[in-house]
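Trainee: As you go down the protein sequences, you meet chains A and B in turn.
To convert, take the position in the first sequence, counting from 1, and add 91; that gives the working numbering.
Just so we're aligned: 87 in the working numbering is position 95 of the second sequence, and the numbers increase by one with no gaps anywhere.
Hints are computed from structural coordinates only; laboratory data are not their basis.
If you want a taste of the chain B side facing chain A, the calculated C-beta under 8 Å gives, among others:
1) Y15
2) I23
3) T106
4) N107
Label pairs and their in silico Cβ distance ranges:
5) B:V59 - A:E253: 48 to 54 Å
6) A:N257 - B:M173: 18 to 24 Å
7) B:F65 - A:E253: 45 to 51 Å
8) A:V277 - B:G98: 28 to 34 Å
9) B:I(-2) - A:N257: 35 to 41 Å
10) A:G187 - B:F124: 19 to 25 Å
11) B:S177 - A:K184: 27 to 33 Å
The beta-carbon is built from N, C-alpha and C at its ideal position, and this holds for glycine as well.
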Amino acid sequence: MLKDVVKGLWRENPIFVQVLGMCPALAVTTRSIFGLSMGMATTFVLVSSSVVVSLIRKAVPPQVRIPMYTVVIATFVTAADYFLKANFFEISKALGPYVPLIVVNCLILGRAEAFASKNGVLRSFLDAAGMGIGFTAGLVILGSARELLGAGSLFGVRVMGEGFTNWIIMVLPAGAFITLGLLVGVFNLADQKIKKDTACHVTEKSG
Amino acid sequence: MNVEQIILIFVAASVTNNFVLTYFLGICPFIGVSNKVESAVGLGVATTFVMTMAATFTWLIYHYILVPNGLVFLQYVTFIIVIASFVQFVEMVIRKISPALYKALGIFLPLITTNCAILGLTLFMVLRDYTFIEAVIFGLGAGVGFTLALVLMAGIREELEFADVPDSLKGAGITLILAGMLALSFMGFGGLISG
Chain A
92 MLKDVVKGLW RENPIFVQVL GMCPALAVTT RSIFGLSMGM ATTFVLVSSS VVVSLIRKAV
152 PPQVRIPMYT VVIATFVTAA DYFLKANFFE ISKALGPYVP LIVVNCLILG RAEAFASKNG
212 VLRSFLDAAG MGIGFTAGLV ILGSARELLG AGSLFGVRVM GEGFTNWIIM VLPAGAFITL
272 GLLVGVFNLA DQKIKKDTAC HVTEKSG
Chain B
-7 MNVEQIILIF VAASVTNNFV LTYFLGICPF IGVSNKVESA VGLGVATTFV MTMAATFTWL
53 IYHYILVPNG LVFLQYVTFI IVIASFVQFV EMVIRKISPA LYKALGIFLP LITTNCAILG
113 LTLFMVLRDY TFIEAVIFGL GAGVGFTLAL VLMAGIREEL EFADVPDSLK GAGITLILAG
173 MLALSFMGFG GLISG
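Build the full structure now, drawing on both the sequences and the hints.
Mentor: Listed below in structure tokens is the structure:
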């Protein structure tokens, strides 16, 4: 059970390992707060649609499952979009069309197809929650890196000293691609190192 | 309706505000399919067709059905259904005309449905209040821009096979960094249109 949650955080992290849901990941992460709100909106849609897909999985004929899932997802996205518009107008305005674009976030349809359509409600819920948290964490890391270097602040609070010159490139599209590329590299490097360490451990023990 | 404005929309959608490189729309196929120039061209043309048709039909549906009846809250659901039907149609046509291309594109053909570039296009169209002609041109321009980015990337990646890339950056990492550089060079077109 716990494994369903944890795998989304590291081993199958949606952003750094599966490289899914890239549009929002790159577009909205000019500020860490945008990354956080986008991550939370996506997590809400992911969890709700996974639960619904899992509930209706036996009633849906396989030929029309993809359109059905898409309609389920689009419904929850509409709800999330109107909620943001009503309560957090500033953030909703800044995120612009990227909130409705959650509909076509491959991560959500991917989880519906690969997990929720084959597993029970509880496991689907846990899987979606783990993936959502992993996705949110990825967005916050990316947003923080770009905000720190591009604007010298974190969550809107200035952290860099007076002498720091903002790297404008980091808040431009090109910076998004390059930062994510490097972060994926760092993530792989860390992952390889952990694997190697555990492997050494095992051989030492057996030797 | 003046010609100048039409040209402006086309150039903006295809080059200066390229969908892939400035709005980050359509990144999945951009990273997934851009291995070979040939399949990149095929996917680009298919996507351009779907984009133009989607822009045309969603505009008509939005302005003649949803708005007069106060059903604007249904726009996401409606748009995605229109897009999915066109993708289904394109899939059938390609399978008939060119089975080889159909095979090469594989899973990425049905995935055009979840290509954010297409839904994004229809949303931008509504946000910017385009007229009918403008919307169609915008769809076409966005498609051409998508194809351009995809083919350029495929060309670079064909060369990349011979390059010595650090292990941890292989695959997605180096592709993203390359895309960043491509985005940088596209920024050079920024001065092309002012205002």
